[in-house]
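Line order of the protein sequences matches chains A and B. If you count by full-length UniProt numbering, then the first sequence holds residues 1 to 96, one letter each, in order. If you count by full-length UniProt numbering, then the second sequence holds residues 1 to 845, one letter each, in order.
FYI, nobody ran anything at the bench for these hints, they're computed from the structure. Keep in mind it's a predicted model, so treat the numbers as computed, not measured. Glycine is no exception: its CB is placed at the ideal position from the N, C-alpha and C atoms. Check before you lean on any hint, since a few could be wrong.
Derived, one-sided and incomplete: chain B residues facing chain A with beta-carbon distance under 8 Å [to be verified]:
| id | residue |
| --- | --- |
| 1 | Phe-318 |
| 2 | Leu-333 |
| 3 | Leu-501 |
Sample of chain A residues lacking proximity to chain B, with all beta carbon distances greater than 12 Å (derived) [said to hold, decoys possible]:
| id | residue |
| --- | --- |
| 4 | Leu-21 |
| 5 | Ile-23 |
| 6 | Leu-29 |
| 7 | Ala-44 |
| 8 | Leu-46 |
| 9 | Met-51 |
| 10 | Ala-54 |
| 11 | Ala-55 |
| 12 | Arg-58 |
| 13 | Arg-61 |
| 14 | Ile-71 |
| 15 | Ala-93 |
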Amino acid sequence: MRAWLLLLGGLIVWAVHFFGLYIVASVFLTTDTARMLALLVTLACLIADAMLLAAAMRANRAADDGTRRWIASLAALGAAISLVAVIWQGLPALLV
Amino acid sequence: MTSETGFDPKLYDRFPTREPRPEGELEELERIWHAPTGWARLTVVNNNFIGTWYVGAAFLFFILAGVLALVMRTQLALPLQGILPQETYNQFFTMHGTVMMFLFAVPAVEALGVLLLPQMLAARDLPFPRLSAYAFWAYLVGGLSFFCSLFFGLAPDGGWFMYPPLTSIAYSPGINADFWLLGIGFIEISAIAGAIEIVVGVLRTRAPGMTLDKMPIFAWAMLVFAVMIIIGFPSIILGTLLLELERALNWPFFDPTRGGDALLWQHLFWFFGHPEVYIIFLPAAGLVSMMVAALARTPLVGYQLIVLALLATGFISFGVWSHHMFVTGMPTLSVSFFSAASMAVSVPAGIQVFSWIATVAVGKPRNNTPTLFLLGGLVTFVIGGLTGVMVALVPFDWQAHDSYFIVAHLHYVLIGGMVFPLFAAFYYWAPMMSRRALSERLGKWVFWLMFAGMQVAFLPMHLTGLMGMPRRVYTYLPGRDWEVTNMISTIGAYMIGLGVLLFVIDLARNFRFTAGDEAGNVYGGGTLEWLPTGLYSTRSIPVVKSREPLWDDPKLSDDVEAGRYFLPNSATGHRETLITSPIRAEPEYLQIMPGPSAWPLFAAIFTAGFFLLLTVQAYNPSIASGVLAVLCVLRWLWETDRPVAKAHADVGAGIILPTYATGPRTHGWWAMTVLLVVIGMIFVMAVFSYLYLYGVHPSFWTSPPDAPWLLPIIGGHAAAAGFALLARRLLARERTTLWTPATLVLIAAGFALFAFAIDWWSWRATGLTGATSGQGATVHAFLALQGILTAIVALMALYLAARNARGIVTRPRNNSMDLTVMFIAYTAAQGTLAALLTRLFPGAI
Numbered sequence: 001m002r003a004w005l006l007l008l009g010g011l012i013v014w015a016v017h018f019f020g021l022y023i024v025a026s027v028f029l030t031t032d033t034a035r036m037l038a039l040l041v042t043l044a045c046l047i048a049d050a051m052l053l054a055a056a057m058r059a060n061r062a063a064d065d066g067t068r069r070w071i072a073s074l075a076a077l078g079a080a081i082s083l084v085a086v087i088w089q090g091l092p093a094l095l096v
Numbered sequence: 001m002t003s004e005t006g007f008d009p010k011l012y013d014r015f016p017t018r019e020p021r022p023e024g025e026l027e028e029l030e031r032i033w034h035a036p037t038g039w040a041r042l043t044v045v046n047n048n049f050i051g052t053w054y055v056g057a058a059f060l061f062f063i064l065a066g067v068l069a070l071v072m073r074t075q076l077a078l079p080l081q082g083i084l085p086q087e088t089y090n091q092f093f094t095m096h097g098t099v100m101m102f103l104f105a106v107p108a109v110e111a112l113g114v115l116l117l118p119q120m121l122a123a124r125d126l127p128f129p130r131l132s133a134y135a136f137w138a139y140l141v142g143g144l145s146f147f148c149s150l151f152f153g154l155a156p157d158g159g160w161f162m163y164p165p166l167t168s169i170a171y172s173p174g175i176n177a178d179f180w181l182l183g184i185g186f187i188e189i190s191a192i193a194g195a196i197e198i199v200v201g202v203l204r205t206r207a208p209g210m211t212l213d214k215m216p217i218f219a220w221a222m223l224v225f226a227v228m229i230i231i232g233f234p235s236i237i238l239g240t241l242l243l244e245l246e247r248a249l250n251w252p253f254f255d256p257t258r259g260g261d262a263l264l265w266q267h268l269f270w271f272f273g274h275p276e277v278y279i280i281f282l283p284a285a286g287l288v289s290m291m292v293a294a295l296a297r298t299p300l301v302g303y304q305l306i307v308l309a310l311l312a313t314g315f316i317s318f319g320v321w322s323h324h325m326f327v328t329g330m331p332t333l334s335v336s337f338f339s340a341a342s343m344a345v346s347v348p349a350g351i352q353v354f355s356w357i358a359t360v361a362v363g364k365p366r367n368n369t370p371t372l373f374l375l376g377g378l379v380t381f382v383i384g385g386l387t388g389v390m391v392a393l394v395p396f397d398w399q400a401h402d403s404y405f406i407v408a409h410l411h412y413v414l415i416g417g418m419v420f421p422l423f424a425a426f427y428y429w430a431p432m433m434s435r436r437a438l439s440e441r442l443g444k445w446v447f448w449l450m451f452a453g454m455q456v457a458f459l460p461m462h463l464t465g466l467m468g469m470p471r472r473v474y475t476y477l478p479g480r481d482w483e484v485t486n487m488i489s490t491i492g493a494y495m496i497g498l499g500v501l502l503f504v505i506d507l508a509r510n511f512r513f514t515a516g517d518e519a520g521n522v523y524g525g526g527t528l529e530w531l532p533t534g535l536y537s538t539r540s541i542p543v544v545k546s547r548e549p550l551w552d553d554p555k556l557s558d559d560v561e562a563g564r565y566f567l568p569n570s571a572t573g574h575r576e577t578l579i580t581s582p583i584r585a586e587p588e589y590l591q592i593m594p595g596p597s598a599w600p601l602f603a604a605i606f607t608a609g610f611f612l613l614l615t616v617q618a619y620n621p622s623i624a625s626g627v628l629a630v631l632c633v634l635r636w637l638w639e640t641d642r643p644v645a646k647a648h649a650d651v652g653a654g655i656i657l658p659t660y661a662t663g664p665r666t667h668g669w670w671a672m673t674v675l676l677v678v679i680g681m682i683f684v685m686a687v688f689s690y691l692y693l694y695g696v697h698p699s700f701w702t703s704p705p706d707a708p709w710l711l712p713i714i715g716g717h718a719a720a721a722g723f724a725l726l727a728r729r730l731l732a733r734e735r736t737t738l739w740t741p742a743t744l745v746l747i748a749a750g751f752a753l754f755a756f757a758i759d760w761w762s763w764r765a766t767g768l769t770g771a772t773s774g775q776g777a778t779v780h781a782f783l784a785l786q787g788i789l790t791a792i793v794a795l796m797a798l799y800l801a802a803r804n805a806r807g808i809v810t811r812p813r814n815n816s817m818d819l820t821v822m823f824i825a826y827t828a829a830q831g832t833l834a835a836l837l838t839r840l841f842p843g844a845i
């Protein structure tokens with residue numbers, strides 16, 4: 001289970017972030033409260049992504065065989081793409 | 001090297017073995033895996049047969065839906081044509097979309113999974129072959145019956161996404177809408193059954209050594225596909241259930257005058273509907289990734305990035321559903337979030353496209369039919385992807401919404417992303433199951449006709465849409481400048497039709513099904529499906545050391561065929577396959593597999609009968625059919641979960657594995673877990689519906705039953721779960737005689753029934769009925785779901801008691817017991833959560 005969580009962690013954060021934004025915008029509509037909450041959710045998810053990225057890179061360095069290294073590097077890529085996606089996804093709270 | 005299960009990877013070094021194999025092993029394998037002949041052939045469960053029939057059936061529906069499209073295009077070729085009256089046209093476009101999406105696209109890729117996955121993973125078969133057979137027959141029988149509604153003027157006519165209020169009883173009073181709502185019930189069941197099979201198959205039946213990083217990309221794609229079905233389909237299952245309940249019982253889920261909301265349907269539908277596009281696209285993308293490497297004769301560029309892209313698509317596709325609802329007046333911020341997500345989803349698709357282009361550029365592709373279809377699909381899909389980004393931009397979408405621009409966009413995506421890759425796959429993999437390959441000469445004609453026809457038909461359609469022609473109109477007035485583009489589109493449609501006709505001729509001339517005498521690896525693929533096979537799949541199951549084992553080990557085919565790897569024989573005298581661990585594919589135990597049986601076929605016929613008879617309001621026959629379906633399923637299960645005489649068996653090179661296993665690592669446990677996720681997702685979507693309706697119409701909400709009712713309800717559920725878990729614990733004590741574990745499970749079922757009855761009664765006491773308001777409707781939907789689960793619990797408890805009475809509940813652990821206990825515990829948890837939510841929110845919370 002730990003391996004799967006590491007592998008999918010970044011993408012899970014991405015999904016959590018999206019649904020968090022959806023709930024915020026649905027409940028608080030287009031208000032300053034919604035923008036603030038969206039930014040808070042975004043910040044929390046960015047921190048989670050950064051931690052996951054660091055954990056994946058550590059796991060990559062510590063890997064003692066090809067499969068473990070492959071999983072760790074895929075996890076790092078997932079966390080990295082999630083990091084960018086979360087920023088992109090959070091931008092409308094500032095721009096719209 | 002690290003081990004996942006305690007298996008010593010050094011044991012792999014014993015393969016390939018060098019000793020000669022004993023005489024008669026191959027003959028025994030052939031005898032055990034022999035397919036029945038004559039009429040009994042219908043009871044076959046081998047994936048070679050079921051997979052091929054499944055693909056054939058999906059292709060049949062493609063042709064049927066295509067014929068509908070041609071008739072529609074003929075109607076639209078000129079203004080004011082009188083070929084199709086308006087009502088019939090409505091049925092035609094609804095059936096075209098519904099059949100293409102539900103009866104062709106999803107089943108086609110699922111069918112390819114059933115056909116190709118065991119071969120690619122070098123498994124003897126997928127882990128639940130009877131489930132595959134059931135899924136196929138339910139789909140075929142139900143699908144054909146559903147299609148026939150068209151001949152009686154009873155086909156659904158509300159569009160493939162069936163928006164209420166148009167599809168509510170007020171505006172669609174006949175049974176046409178019910179045909180859609182109930183008619184696709186069996187397709188949902190079939191898709192879920194297939195998804196369970198694929199998840200467990202990919203994660204638990206891979207050849208030893210096939211670690212996640214060596215898994216064929218198609219297996220990755222099918223894994224993501226199956227998980228998406230498991231997460232996405234429950235939404236449409238719940239949606240169709242709610243709309244049918246509204247139509248049949250007047251429960252106003254979608255009626256805003258009584259606290260419902262029509263937009264709830266759109267949310268439920270598109271939470272399934274948009275991922276559905278990727279559910280269709282991802283397996284096709286997996287096929288492309290497999291073929292492009294073989295056809296370019298070089299390893300796939302960016303394997304790891306493609307896996308990332310598949311996974312990312314699987315996740316983000318669930319965050320874009322509302323881009324189909326940009327014109328419904330959602331909050332600006334919501335619309336902006338969905339717009340951003342819709343643009344972001346093009347990134348993973350782009351990663352795959354660039355990877356394919358790089359693979360073609362690096363390799364040495366030949367000019368053959370599958371390559372042409374791949375490249376044609378690539379170009380077409382990219383155009384569709386670009387227009388997809390255009391409609392992700394909200395202001396553009398407001399202009400193009402519901403116009404022919406959207407029709408053009410979705411056809412570019414689906415034909416480029418799925419249909420062309422599927423035809424490439426037909427040409428590429430046909431030699432795997434046919435004595436002759438398909439014709440290259442005819443194939444090129446097929447491609448050019450279809451590719452040119454596609455562009456001729458759909459490129460002008462963008463213009464037609466931008467000039468203002470709405471979709472779903474049965475005709476139009478002259479003088480609006482739509483005549484020329486419509487005529488061109490119709491010519492293109494006929495070109496596609498001609499291409500498909502040529503393909504059918506090619507099939508008739510060259511495709512000759514076989515399992516053992518196939519044309520073979522015509523295009524030089526490097527993955528395991530090109531090993532020599534029989535009905536038992538490969539003679540022995542190889543140890544996998546790379547992603548393209550056939551390229552890296554030229555002797556592999558001979559060694560596998562000579563029985564020098566795992567399972568060169570039948571170790572127990574039964575059908576069997578290796579169950580391996582999910583990450584590193586280490587051998588764990590030997591699964592005994594069921595053989596041919598008529599019960600899945602009968603179960604499928606009665607399942608389809610249940611839904612279709614319900615549609616025509618023949619309630620008593622429908623109930624009888626449903627009961628018979630359940631009895632058939634129980635009868636087929638009755639023969640399973642029985643240990644064989646040999647508790648352990650030599651699976652090759654002196655490696656000994658158990659032949660019966662229980663607990664969380666078994667394939668049955670995994671399948672039940674996946675099923676519970678499906679049920680859990682239905683519950684989650686019901687919770688969403690409940691909260692959504694409160695959010696939009698709180699004025700219709702009334703006080704729930706008093707909080708003290710919670711005590712017996714939660715107590716009943718806790719007792720049910722407790723007795724079930726105690727029963728499992730006691731099973732291990734072989735001397736238990738006073739209360740046999742099966743009796744405890746019956747008591748647990750009794751408590752589940754008690755808790756449900758109290759829950760239901762407490763709501764009845766408040767006077768709130770399902771027809772009162774949106775609150776009443778959703779509360780009763782929760783009760784209906786809980787009622788269904790409780791009935792299943794009772795059935796499972798009785799089934800377990802019957803097995804116990806016959807002495808086939810093994811001690812100290814038993815899979816049937818484990819799965820029953822899991823189900824009861826889940827039912828108790830869901831019942832508790834529903835009771836808490838509906839009583840404490842709104843109000844106490």
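- Item | Distance rule for Ala-54 (chain A), whose beta carbon must clear each one in chain B by more than 12 Å | Label holds. Min Cβ-Cβ 18 Å, cutoff 12 Å.
- Item | Beyond 12 Å from each Cβ of chain B, as asserted for Arg-58 (chain A) | Holds, because the least Cβ-Cβ distance between Arg-58 (chain A) and chain B comes to about 16 Å, which exceeds 12 Å.
- Message: Just to be careful: measuring from the Cβ of Phe-318 (chain B) to every Cβ in chain A, is the smallest value less than 8 Å?
- Response: With a minimum Cβ separation of about 7 Å from chain A (threshold 8 Å), the hint on Phe-318 (chain B) holds.
- Query: Far enough from chain B: is every CB of that chain over 12 Å from the CB of Leu-21 (chain A)?
  - Reply: 5 Å, violated
- Whether Ala-55 (chain A) stays farther than 12 Å from all C-beta atoms of chain B, as the label says: 17 Å, holds
- Query: Hey, does the Leu-501 (chain B) contact hint survive, CB to chain A under 8 Å?
  - Reply: Violated: closest Cβ of chain A sits about 43 Å from Leu-501 (chain B), beyond 8 Å.
- Item | Ile-23 (chain A) and chain B, when compared Cβ to Cβ, separated by more than 12 Å | 10 Å, violated
- chain B versus Ala-44 (chain A) - minimum CB to CB distance exceeding 12 Å, so not interface: 16 Å, holds
- Message: Would the non-interface assignment of Ile-71 (chain A) survive a Cβ cutoff of 12 Å against chain B?
- Response: Contrary to the label, Ile-71 (chain A) does not stay out of reach of chain B, its closest Cβ about 7 Å off (not over 12 Å).
- Per the stated criterion, does the least C-beta distance between Met-51 (chain A) and chain B lie above 12 Å, as a non-interface residue requires? Given that every Cβ of chain B is farther than 12 Å from that of Met-51 (chain A), nearest at about 19 Å, it holds.
- Item | Ala-93 (chain A) remote from chain B - nearest C-beta pair above 12 Å | 7 Å, violated
- Query: Holds or violated: is the Cβ of Leu-29 (chain A) farther than 12 Å from all Cβ atoms of chain B?
  - Reply: Answer for Leu-29 (chain A): violated, closest chain B Cβ roughly 4 Å.
Of the hints listed earlier, those the structure fails to meet are numbers 3, 4, 5, 6, 14, 15, in rising order.
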